[in-house]
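**Student:** Below, each chain spelled out in residue letters.
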Amino acid sequence: DAGVIQSPRHEVTEMGQEVTLRCKPISGHDYLFWYRQTMMRGLELLIYFNNNVPIDDSGMPEDRFSAKMPNASFSTLKIQPSEPRDSAVYFCASRQGLPYEQYFGPGTRLTVT
Amino acid sequence: AQKVTQAQTEISVVEKEDVTLDCVYETRDTTYYLFWYKQPPSGELVFLIRRNSFDEQNEISGRYSWNFQKSTSSFNFTITASQVVDSAVYFCALTPWNTGFQKLVFGTGTRLLVSP
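Those protein sequence lines, which keep their order, are chains P and G. 38 is the number that the working numbering gives to position 38 of the first sequence; each next residue is one higher, with no gaps. 73 is the number that the working numbering gives to position 73 of the second sequence; each next residue is one higher, with no gaps.
Read the hints as simulated data drawn from the structure, not as lab findings. Given the structure is predicted, the values throughout are model-derived calculations rather than measurements. Possibly wrong hints are sitting among the right ones.
[Claimed, not checked] Only pairs whose alpha carbons sit at most 30 Å apart, straight line, appear in this in silico BS3-like list of lysine-lysine:
#, chain 1, residue 1, chain 2, residue 2
1, P, LYS68, G, LYS38
2, G, LYS103, G, LYS16
3, P, LYS78, G, LYS103
[Unchecked claim] To be clear about the criterion: a stretch of chain G counts as covered by chain P if any three or more of its residues have a C-beta under 8 Å from a C-beta of chain P, and this derived list gives those stretches:
#, segment
4, 44–51
5, 100–111
All C-beta atoms in this analysis are idealised placements derived from N, C-alpha and C, irrespective of residue type, glycine included.
From just these sequences and the hints, can you work out the full model?
**Tutor:** Pasting the structure below:
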C-alpha cells in the first residue's frame, strides 16, 4: 500500500500569498494529523482529524491557518496570508485506530520570503 | 503533564561502534505507549517501534534493540555495529491515556552521525 502522500514537496512563496498544502492519508486510516517542524520549536501538532472531523485544532498558531478534510482520502492545510515565520517543514501523518503508530508523509518544505 | 527528554543532542560514532540513545519520559498515567521514530537526512519520519507500558520486555530487531524500564521511566534505543546509513535524527515519543492516546508528545531528538 502507498504511504502518506503530500504535495507539493517544496513550496516557495512571497509573504502575503495563500499557500495550500495537500495530504492523502493511507487508505483505511481513520486519523489524520498535521505537524510543523522547525529548528526552534521541533515537532508541533497543529490539528488532527478523526473520520474527517476536526477533533483538536488547539495547535493551530493563528487564524491565518485553516485545515479541512472533505473526505477520507484528502486533507488540506491552508495559510492565508503567509508570513516568513511560517517557513517550516509541514508533515501530514495518518493512523488506524488507537493507539497505533502514526505514519508520516515526506513533508512539504515551505519557504516564505 | 507529559514530557519526553532526549538529553543527547548529538552523538558521533565511527562505523561498527555500538551506540545508545537515551529517552526519559514523564507521565502520571499508568497506561501509555512509547515510540521511536527515525528521521534520515531525506527528511521523512520513519516509525521504528511501539511499546506499551505493561510490556517491559526488551525487544531486538536486527541491529536495533530497545530497553524499557518503568522504574527509571526510560526507553533507550541501542544500535549495534552502527552503519553510515544509521545517520539520522532519532525521536522518542509518548502517548498517554489521559489524552485518549490521541496525541504524540515528542522529544527534541538526538542527531546520530556515523562516520566511516
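**Student:** Which of the stated hints cannot be reconciled with the structure, identified by number in ascending sequence?
**Tutor:** Those not satisfied come down to hint 2.
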